[in-house]
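Novice: Sequence:
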Amino acid sequence: MPAQLTYATLDLDAFSDPYGARVGNDRPDSLTARIGLAANYQSAWQDAMGFTRQADLYGIASLTREFLGRNKWTVSGERFTTTEEKVWAEIGAGGTYNWNDGRYGMYAKLAAQTDLDDLANSYALSGNLAFRVKW
Numbered sequence: 002m003p004a005q006l007t008y009a010t011l012d013l014d015a016f017s018d019p020y021g022a023r024v025g026n027d028r029p030d031s032l033t034a035r036i037g038l039a040a041n042y043q044s045a046w047q048d049a050m051g052f053t054r055q056a057d058l059y060g061i062a063s064l065t066r067e068f069l070g071r072n073k074w075t076v077s078g079e080r081f082t083t084t085e086e087k088v089w090a091e092i093g094a095g096g097t098y099n100w101n102d103g104r105y106g107m108y109a110k111l112a113a114q115t116d117l118d119d120l121a122n123s124y125a126l127s128g129n130l131a132f133r134v135k136w
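Heads up: the sequence shown is residues 2 to 136, going by this note's numbering.
The set of hints was computed from the structure by calculation and includes no laboratory data.
Quick caveat: nothing in here was measured; it's all calculated off a predicted structure.
We put the beta carbon where it would ideally sit given N, CA and C, even for glycine.
Do not rely on the hints blindly, as some may be mistaken.
Simulated restraints on C-beta separations [what the hints assert, rightly or not]:
id, residue 1, residue 2, range
1, ALA49, MET2, 19 to 29 Å
2, LEU6, LEU111, 22 to 32 Å
3, GLU79, LEU130, 20 to 30 Å
4, GLY51, ASP118, 13 to 23 Å
5, GLN5, SER127, 15 to 25 Å
6, LEU64, ARG104, 33 to 43 Å
7, GLY78, TYR98, 50 to 60 Å
8, VAL24, LYS110, 34 to 44 Å
9, GLN5, ALA121, 41 to 51 Å
10, ALA15, ARG133, 26 to 36 Å
11, GLY25, ARG54, 49 to 59 Å
12, TYR108, GLY25, 37 to 47 Å
13, VAL76, SER123, 20 to 30 Å
14, SER17, ARG104, 50 to 60 Å
When you get a sec, could you build the whole thing from the sequences and use the hints?
Specialist: Rendered as structure tokens:
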């Protein structure tokens with residue numbers, strides 16, 4: 002069961018944008034905890050030509066919680082507050098397939114995240130697909 006705790010801060014001096022608006026940040030801190038589960042299946046075999054082939058499939062499920070979650074910005078004297086959702090859930094699956102002794106490989110990943118307080122209106126979907134060649 003993997004777990005993470007991440008603290009991030011932004012030390013940003015106030016500045017003026019190209020239009021002369023003064024921009025500043027009053028609270029640039031983030032404290033995020035993540036806990037999850039992962040399942041993995043790996044297999045390797047020799048093909049008819051004697052080359053090694055490998056397959057690796059995995060699935061993940063995790064919960065992420067932001068403890069600080071608010072940033073206050075000032076732009077030309079107007080205050081703006083960004084509010085990050087407190088608890089997010091993520092599920093995902095992916096895998097790799099390598100052949101010809103690892104010379105060629107493919108990678109794919111799909112993931113979905115949602116805020117547990119507003120499932121229908123606050124979500125993210127992502128995917129990656131890659132092909133690799135070693136020479």
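Novice: Each hint needs a verdict: does it hold in this structure or not?
Specialist: Each hint tested on the structure:
The hinted range of 19 to 29 Å is not satisfied by ALA49 and MET2, whose Cβ atoms lie roughly 40 Å apart. Checked against the hint of 22 to 32 Å, the pair LEU6 and LEU111 passes, with Cβ atoms roughly 26 Å apart. As the Cβ distance of GLU79 to LEU130 is approximately 42 Å, the hint placing it in 20 to 30 Å is violated. For the pair GLY51 and ASP118, the beta carbons lie near 55 Å from each other, so the given range of 13 to 23 Å is not met.
Distance hint check: the CB atoms of GLN5 and SER127 are about 18 Å apart, consistent with the given range 15 to 25 Å. LEU64 and ARG104 have their C-beta atoms about 39 Å apart, which keeps the hinted 33 to 43 Å range intact. Look at GLY78 against TYR98: about 56 Å separates their beta carbons, and that is inside 50 to 60 Å. A beta carbon spacing of about 36 Å between VAL24 and LYS110 agrees with the range 34 to 44 Å that was offered as a hint.
A C-beta distance of roughly 27 Å is found between GLN5 and ALA121, which places it outside the suggested range of 41 to 51 Å. About 44 Å separates the C-beta atoms of ALA15 and ARG133, a value inconsistent with the hinted range of 26 to 36 Å. About 56 Å separates the C-beta atoms of GLY25 and ARG54, a value consistent with the hinted range of 49 to 59 Å. About 42 Å separates the C-beta atoms of TYR108 and GLY25, a value consistent with the hinted range of 37 to 47 Å.
Between VAL76 and SER123, the C-beta spacing of about 24 Å keeps the proposed range 20 to 30 Å intact. Checked against the hint of 50 to 60 Å, the pair SER17 and ARG104 passes, with Cβ atoms roughly 53 Å apart.
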